[in-house]
Amino acid sequence: MLDNSLLFSLRLSLQVAAVATMFVIIVGIAIAYILARRFFRGKEVLDMIFTLPLVLPPTVTGYFLIILFGRNGMIGRHLYDWTGWSVMFTWYAAVLASFVVALPLMIKTTRAAIESVDENLIRASYTLGHSEWWTAWKVILPLAKKGILAGAILSFARAMGEFGATLMIAGNLPGKTNTMPLAIYSAAASGDRDQANVMVLLFTVISGLFLYAANKLSKKVL
Amino acid sequence: MSLSVKVNKAFGAFTLDAEWSIENELAELFGYSGAGKSLTLQMIAGLITPDEGLISLNGQKLYDSASSINLMPQERSFGYVFQDLALFPHMTVLENILYGGHGIQKNERRQRAAEMIERFQLIGLEKKLPNMISGGQKQRVALARALIRQPDALLLDEPFSALDAPLRMEMQQLVKALHKEFPIPIVLVTHDLAEACALADKLVLYANGKVMQTGTPDAVLSSPSCPEVEQLVKTRERLLQFSASP
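Chains H and S are the protein sequences, given in the same order. Anchor point for the first sequence: position 73 equals 1418 in the numbering used here, and the numbering is continuous, going up by one each time. Anchor point for the second sequence: position 68 equals 75 in the numbering used here, and the numbering is continuous, going up by one each time.
Only chain H is shown next, with the shape it has when bound in the complex (with noise of 0.2 Å):
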């Protein structure tokens, strides 16, 4: 039943929610912070971009993504002129496909959790004669780390569900970019209901399991 097709789809789901949630925490946690620490113009329309992905279909937003990484795409051409090489339909695009679905997630619980964290205990380490480097890691981070886990934890969650935007710029290549959501569909598609049974009732328990550890883990740490 556990054939390698089904393995396959299963490690490169789990390898393409773990990289895409590693760049997820460290673009989302800068992102947040900037939103909820800097004031610019432009800033609310800056967080409605980065909040378009949780509200589109992932269908429009894996156009926007051929539009831009596609190999004739805006940034995607310049990319394929100087080193002859696509993004797309590579397991790569299903870490961007699986990053950008994810990042809003990031985004808002981190930024409301360092919204929340106390101003004078920010002003009191400037006035302790440290940077907003420092203070960022050792006083605002710390004190959000229970926003940034749920957020690093709903990200992950939605990285490995993630279906649409992965099947417009990864496609559903067996043994190269179907992720375990793509393989279900592929199975559940050509009628092959025992593939499917096994990898449906896999990926809930996989997905309870991860959500349980997620759970005694922020327990642990807050």
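Possibly wrong hints are sitting among the right ones.
Stated by the list, open to error - With the C-beta cut set under 7 Å, the calculated list includes, among others, these residues of chain S facing chain H:
1) Tyr-87
2) Asp-91
3) Pro-190
What the hints assert, rightly or not - Covered, in the sense of this in silico footprint (three residues per stretch, anywhere, with C-beta under 8 Å from a C-beta of chain S), are these stretches of chain H:
4) 1468-1474
5) 1480-1491
Hints in this document: simulated from the structure, not taken from any laboratory. What you are looking at is a predicted structure, and each value in this text was computed from that prediction instead of being measured. Ideal Cβ placement from N, Cα and C applies to all residues, glycine included.
With the hints as your guide, set chain S onto chain H.
Coordinates of chain S only, in the frame set by chain H:
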């Protein structure tokens, strides 16, 4: 050692327009809530930028609108104790104090932190988090954290307002003792005239964003320069009579 302040800032209908200077003294900024005392303190520390003015400490300009000087809070050497103390809730007592020792070499910082812990009677509490210690202990941690760097002046924003009377008196005595140990200007914001008179070398009276009078407590009380101060003195006398009567 001297601190001189001249600041001006408009907040909608409220305008702060304050000027005073102190030597190596313990000064109390006194006035009712909303008079602009805390605002002045935050401007001295660089947490709020005035519209215009001049702030200098020991001859060094920290803020000067005329020559566009405005040092960051990090570049000003003040110990600042916030009204809510602003102890870092995720750091232990020792970590809070060590955090105040920015720019001091590691061994030296440890050494000084140990001295501070002894000086402020915090022995045995080093590993406790701020939410596990009493109000008076928190005050002492905040003072230790503010003083470990040996700042050029100490600013205290209504630090004792949340304490009950006996503890408040104890802390006032502590500040008085600190002023002898650390020969630096100390500025304390208060709305308790009794405290101001008991502690201060110099009283700076605020009302409606303006400084009404400055001088020693005796001088201010004996010759009020304006109706606002007169009113204050009368209120104080009434209070004293009230508390003296059986």
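Any hints this thing doesn't respect? Which numbers, in order? The structure breaks only hint 3.
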